[in-house]
Amino acid sequence: MNQSPSNMIDHTALLNPLIQKKKRFLIPMCLFFLLFYFSLPVLIFIKPEWMNQAVYGSISLAWIYAAAQCLMTLLLSSIYMLRARQFDQLAAKIISSAESEEIT
Amino acid sequence: MTLSSVIFFLAVIIGTLAITYSAAKRTGNTREFYAAGNRLTGLQNGIAIAGDYMSAASFLGIAGTIAIYGFDGFIYAIGFLVSYLIMLLLIAEPLHNLGRYTLADAIAVRFDSRLLRGMIACSTLMICTMYMLAQLVGAGALIHHLLHIEYEWAVTVVGVLMTIYVGFGGMVATSWVQIIKAIMLLTGTFLLSLIVLSRFDWSLVTMFDYVKTATPLLEKFLQPGNQLNDPAEVISLHLALIMGTSCLPHIVSRLFTVKDAISTRHSIYTATWIIGAFYLMTIFLGFGASAFVGYVVLQDVGFGGNLTVTLLADVLGGEFLTAYISAVAFATILAVVTGLVLSASSAFAHDVYSHLLRKGMASEREQVLVAKCSSVVVGLISTTLAIGAEKMNVAILVGLTFAVAASANLPMILSTLYWRRFTVQGAIAGMACGLLASITLVGLGPMVMNVEHGLILREPIFSMTNPGLISIPLGFLGAIIGTYCSRPELGADVRYDQVLFQAHTGIRMTKTREQRKKGA
Numbered sequence: 001m002n003q004s005p006s007n008m009i010d011h012t013a014l015l016n017p018l019i020q021k022k023k024r025f026l027i028p029m030c031l032f033f034l035l036f037y038f039s040l041p042v043l044i045f046i047k048p049e050w051m052n053q054a055v056y057g058s059i060s061l062a063w064i065y066a067a068a069q070c071l072m073t074l075l076l077s078s079i080y081m082l083r084a085r086q087f088d089q090l091a092a093k094i095i096s097s098a099e100s101e102e103i104t
Numbered sequence: 001m002t003l004s005s006v007i008f009f010l011a012v013i014i015g016t017l018a019i020t021y022s023a024a025k026r027t028g029n030t031r032e033f034y035a036a037g038n039r040l041t042g043l044q045n046g047i048a049i050a051g052d053y054m055s056a057a058s059f060l061g062i063a064g065t066i067a068i069y070g071f072d073g074f075i076y077a078i079g080f081l082v083s084y085l086i087m088l089l090l091i092a093e094p095l096h097n098l099g100r101y102t103l104a105d106a107i108a109v110r111f112d113s114r115l116l117r118g119m120i121a122c123s124t125l126m127i128c129t130m131y132m133l134a135q136l137v138g139a140g141a142l143i144h145h146l147l148h149i150e151y152e153w154a155v156t157v158v159g160v161l162m163t164i165y166v167g168f169g170g171m172v173a174t175s176w177v178q179i180i181k182a183i184m185l186l187t188g189t190f191l192l193s194l195i196v197l198s199r200f201d202w203s204l205v206t207m208f209d210y211v212k213t214a215t216p217l218l219e220k221f222l223q224p225g226n227q228l229n230d231p232a233e234v235i236s237l238h239l240a241l242i243m244g245t246s247c248l249p250h251i252v253s254r255l256f257t258v259k260d261a262i263s264t265r266h267s268i269y270t271a272t273w274i275i276g277a278f279y280l281m282t283i284f285l286g287f288g289a290s291a292f293v294g295y296v297v298l299q300d301v302g303f304g305g306n307l308t309v310t311l312l313a314d315v316l317g318g319e320f321l322t323a324y325i326s327a328v329a330f331a332t333i334l335a336v337v338t339g340l341v342l343s344a345s346s347a348f349a350h351d352v353y354s355h356l357l358r359k360g361m362a363s364e365r366e367q368v369l370v371a372k373c374s375s376v377v378v379g380l381i382s383t384t385l386a387i388g389a390e391k392m393n394v395a396i397l398v399g400l401t402f403a404v405a406a407s408a409n410l411p412m413i414l415s416t417l418y419w420r421r422f423t424v425q426g427a428i429a430g431m432a433c434g435l436l437a438s439i440t441l442v443g444l445g446p447m448v449m450n451v452e453h454g455l456i457l458r459e460p461i462f463s464m465t466n467p468g469l470i471s472i473p474l475g476f477l478g479a480i481i482g483t484y485c486s487r488p489e490l491g492a493d494v495r496y497d498q499v500l501f502q503a504h505t506g507i508r509m510t511k512t513r514e515q516r517k518k519g520a
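So the sequence lines, in the order shown, correspond to chains A and B. Per this note's numbering, the first sequence starts with residue 1, numbered consecutively. Per this note's numbering, the second sequence starts with residue 1, numbered consecutively.
Check before you lean on any hint, since a few could be wrong.
As the list claims (entries may be wrong) - Restricting the straight-line Cα-Cα distance to at most 16 Å, the calculated cross-link-like pairs of lysine to aspartate or glutamate (EDC-like) are: (1) A/K21 - A/E99; (2) B/K220 - A/E49; (3) B/K372 - B/E150; (4) B/K391 - B/E152; (5) B/K259 - A/D88; (6) A/K47 - B/D230; (7) B/K391 - B/D230; (8) B/K212 - B/D72; (9) B/K259 - B/E32.
These are calculated hints, taken from the structure and not from any lab test.
Same shape as in the complex, but just chain A (with noise of 0.2 Å):
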């Protein structure tokens, strides 16, 4: 598939919205799970008696933040994919008038 500059243009400003919108998306998951991540073992060392602290049982708070680190990454992975077919809408839209253009 061989593309002229011009038509590239075109194809760029159709793309433009859909790299907004991932990045609008994406960029403040990445920083909320990061945060997440790494509070837990800053939280131990700059407070390891809030961490010890025994919640349920013997069960203390250090394992429930760390089971929460696999739900969390189990319920960010779910959003993304239930958002990411809104990205697949506007990128069959782009393919299909690349593919029309390509035709003419």
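Once you've looked at the hints, dock chain B against the given chain A.
The following block gives chain B in isolation, referenced to the frame of chain A:
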């Protein structure tokens, strides 16, 4: 060696060889050999990724670390899992859309540089060989202990099997070996977890209460800090774990086995669930071992806790369960090393031979032949190295693997995908910096330099075991400096637009130098 363990081991060997036989008829072209013809579904590929990823280190090692150090062992499990978010959100889909068979293919869409392709192939070969060596040495020791055959023979058996799977069955056989292993591993772990929980009247609280009194660490067992107590070291370990995983070449090469970005996304999502469920269950295995096998026995057996799970199976279910769990461990090792052989031979045959030496002029038949031959060579070299490395501390190799993947590959991959100003000089500088930094820092660190049992008997010059905290930023710094010290090539902006277009839609617009030559 008991009859049941012989039967289980033979069943694994015969089953996987049968798969290879049926796959061998299909592997006549490169697309089949490297990417299983892009025929796998998201679900199949997801299970295979999980099978590729959950190494003996996680199955046996993490359970052992939890059994001995309590909370600190679980930290590793979390790092291994959370890293899949980086893979899912930032890396998997664009890489699938850009690449064909290897990581270097994906990067070449933006930077058509032979030097860069060579460097990526080198780092892939290095990571695969080191990781494979670690797995093979561990496997040899484990099988030696379980079946009482000589270490050399144990390594040879694993080495020959992995070479056969890849050499004859390519990616198709590799995928199915990994799928079967993942299912075996999950059922085995689930079974053991249920037995452990039943012993505690199905109550998590009872289990936590009991292990608090079961080990000499007493209540400290449930608290952080038994193994990891230096803040910088812990952050460094976490960084290497979550950044390194998404750039391991044998995982990246699995992204190319499905037909589109949506299936890639489903693959990673499936893998995340399987791996998450598995790592949560390692708590039960670890706690069960410290409660029922006993802390003293675990310490005495040695092997860095690697026999924990088989010992647990013995206590809970006797000979038959032990035989099954040992076979699971065997399948686990086989599946991981098979994935590594495949991606090492792809890097050599596809990147080095087809692109660098033959400049894209090799025929399809020639390429497949070279791919098969290089898998034999890779298998032979790593088996020989592993036999020689029996007494080596494999932790060095595993640490180095993750450090190199995180410091050399990740900055280059992320910048290629997301940074418009990035240049080929930046990519080369970033990889070189990350590679040099991680190797040098591990070399000067306490794993290599140690007064008592190091390769070099002296005080370490660099105090951290995991160099990630320093080497990952150095990799990024190299990429940034390299980029700003060079001018973007003519037309770099248009090229990046095309890369973005392809990465986000899957429509292939650019052609590499070789493809242009062929087409012309």
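Cross-check of the supplied hints:
1. A/K21 - A/E99: Violated - the C-alpha atoms of A/E99 and A/K21 are around 23 Å apart, more than 16 Å.
2. B/K220 - A/E49: Within the cut-off at roughly 13 Å; holds.
3. B/K372 - B/E150: violated (29 Å)
4. B/K391 - B/E152: holds (12 Å)
5. B/K259 - A/D88: Holds, because 15 Å separates the two Cα atoms, which is no more than 16 Å.
6. A/K47 - B/D230: holds (15 Å)
7. B/K391 - B/D230: At roughly 28 Å apart (the allowed maximum being 16 Å), B/D230 and B/K391 break the hint.
8. B/K212 - B/D72: holds (15 Å)
9. B/K259 - B/E32: Judged against 16 Å, a Cα distance of about 13 Å means the pair holds.
Violated hints for the displayed structure, listed by number in ascending order: 1, 3 and 7.
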